[in-house]
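Chemist: Residue numbers (the working numbering), protein chains in the order written: chain G, 1 to 76; chain C, 1 to 498.
Check the hints yourself; a few may be wrong.
DSBU-like, lysine-lysine: derived pairs with alpha carbons at most 30 Å apart [claimed, not checked]:
(1) G/54 / C/304
(2) C/355 / G/57
(3) C/125 / G/54
(4) G/54 / C/93
(5) C/397 / G/54
(6) C/397 / G/57
(7) C/164 / G/57
(8) G/54 / C/284
(9) G/57 / C/118
(10) C/397 / C/284
(11) C/496 / G/57
(12) C/259 / G/57
Residues from chain G that face chain C, not an exhaustive set, calculated with beta carbons under 8 Å [unchecked claim]:
(13) 58
(14) 66
(15) 70
(16) 72
(17) 73
Because the hints were derived from the structure by calculation, they are not lab data. All C-beta atoms, glycine included, are put in the ideal place defined by N, C-alpha and C.
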Amino acid sequence: MIKTVLMTALAFSAVMTGLTLIYSCNIINILFIAVSFFAAIMAGLAYVYSVQDKPRKRFIWNIARQIPYLIGRYMA
Amino acid sequence: MADYDVIIIGAGCGGLSAGGILAKQGRKVLILEQSSRVGGCCSTFEKDGFHFDVGASIVEIIHPIKLFFNLCGTSLEKELDLIPIDPIFSFVKSDGERINYPLSIESTAEVISSISKKDGENWLKLANYFSDLLKLTMDSFLTKPAYGIIDVFRMVKKNPKIIKFLPLFMKSYQDVILNYFSDETIIQTMAFQSYYCGLPPELAPGFMAFVPYSEHEGIYYPRGGMIQIPEALRRVGERNGAQIRFNTLVDRVMVRKKKAYGVILEDGTEITSKIVVSNINAKKLYLEMIGEEHIPWLARFGLKSYELSMPFPVVYIGVDYRPALEAHHSINIGPIELMNEFWHETYLKGLLPEKPYGLVTIPSLSDESLAPDGHHVVTLMGMAPYHLQGTDWDKEKEKYIEQLVNFHSEVTVPGLKDHITTIECATPLDFERKLLLPGGSIYGLQMDISAQACFRPSSRSKSIEHLYLTGSSTHPGGGVPSVIASGIIAAEQIDKYE
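With these hints in hand, go ahead and build the complete structure from the sequences.
Modeler: Now the structure itself:
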């Protein structure tokens, strides 16, 4: 369930980002992106907490904690 | 008018491979090396008649090395004498029992089957699976640039079959190994290799699980020591016209209007060039030798976020007997939970391990010329943090040597401490001082999934024009073949854009 929410939120935010970049960068679209990314992050956190297996949880968390750096790393 | 077409900072394998190819392209190349020998971590030093390898102890996946020599108009066979290693590993259990894995995949399956029939069958399945992955990545991921997402799509477009390996990016190394094997001993023999990328099995990316297989495609030792690899790269480069200056420390990279145009040496001498190629850690390059003021804030944020890979302290020992080990490489194995616990409870807390598990290398079993008659070279590679809680490596060095020697003398190499004729140690601090590796990290930056391909510092700089990167902190990552591949990629990019 949480995985589905996560994937949907991520897909939604990706589509919104794409549309915004292609068509217009107006405040409504940017707001949409912000909301959908927030939803994706929340769903992601919920997913991490729902994982029972400790090594798996650590693996996911290790990736999740580095997501904020990805744009910076891509620019490096 | 610039003094040189290309200045290369560092005569490690990445710098030398880029230099050799660029010189072959007809460019005037100068390689500046701060020490008195080539190779960096892939090097060899002599003490009391023994030849010790500094860090790297074997080479596998030799495709990039072959490619380098071919691009320079020669061949690996002409330039290097590689000794095949067989058996590839001797695993030492805590009760002293040993298990040897031969080179042959089928013979290894027999060894595994003698312990667990099902795991023997699964070993063949794993070998088959990762053999496909290696074939697909050899001419794409390993030797092609990953500047941006487009390059990654190109790799996939060139080899659409690679999509079937996507699940590996969602799994940890441990997930993959446990998916194939169920016997505790077999799991232990397959799990420790996650530390080759500086991470415990539960955190290392799933695709790194190709390592236990890739060793069976062939591992080699260059006759005369690991330095023979960079020496061969150097010879070929010099034949093509590249110049090398030793004992020359570069202090700064000169940058004007976001364009690199040369270097300033430690003594203040300025040398100008059209292109600068770095073979040093990308974090050190950008944040110290170029300066934060030249880097856009987002890239700076990204660069600062990289974590350095785990350092490996090494003890080099010359002995006057033949240790009772059969393989070039031996390792103590333990439960996968202990390997993970070491990371969380010892490494991240800045502690020295009570039981210093690690790799034992006896290269003189493969090449007798490394030690005087009747003597052998033993190298003990441990795992420990750079920052020690409440102390430092200068204070702990002697104690660590004693602890490591005593541990291996009892468990892995019986009689070791009674036969030492010479001993030397390189702590993470020594690696930092002598090889200028930040944090003593021989693999550069940590190699987890968020620091791979286009998320690793780019071969062609995105912040500074005419600046190119090679070495373990750029794509495709750490290890001798990958670093040589990074030099090939940089040279290819320079050929395209400069």
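Chemist: Take the hints in turn and mark each one as holding or not.
Modeler: Status of each hint after checking the structure:
{"no.": "1", "hint": "G/54 / C/304", "verdict": "holds, 29 Å"}
{"no.": "2", "hint": "C/355 / G/57", "verdict": "holds, 27 Å"}
{"no.": "3", "hint": "C/125 / G/54", "verdict": "holds, 27 Å"}
{"no.": "4", "hint": "G/54 / C/93", "verdict": "holds, 26 Å"}
{"no.": "5", "hint": "C/397 / G/54", "verdict": "violated, 35 Å"}
{"no.": "6", "hint": "C/397 / G/57", "verdict": "violated, 36 Å"}
{"no.": "7", "hint": "C/164 / G/57", "verdict": "holds, 24 Å"}
{"no.": "8", "hint": "G/54 / C/284", "verdict": "violated, 35 Å"}
{"no.": "9", "hint": "G/57 / C/118", "verdict": "holds, 28 Å"}
{"no.": "10", "hint": "C/397 / C/284", "verdict": "holds, 25 Å"}
{"no.": "11", "hint": "C/496 / G/57", "verdict": "violated, 43 Å"}
{"no.": "12", "hint": "C/259 / G/57", "verdict": "violated, 44 Å"}
{"no.": "13", "hint": "58", "verdict": "holds, 6 Å"}
{"no.": "14", "hint": "66", "verdict": "holds, 4 Å"}
{"no.": "15", "hint": "70", "verdict": "holds, 6 Å"}
{"no.": "16", "hint": "72", "verdict": "holds, 3 Å"}
{"no.": "17", "hint": "73", "verdict": "holds, 4 Å"}
Checked against the numbered hints listed earlier, the structure breaks hints 5, 6, 8, 11, 12; every other hint is satisfied.
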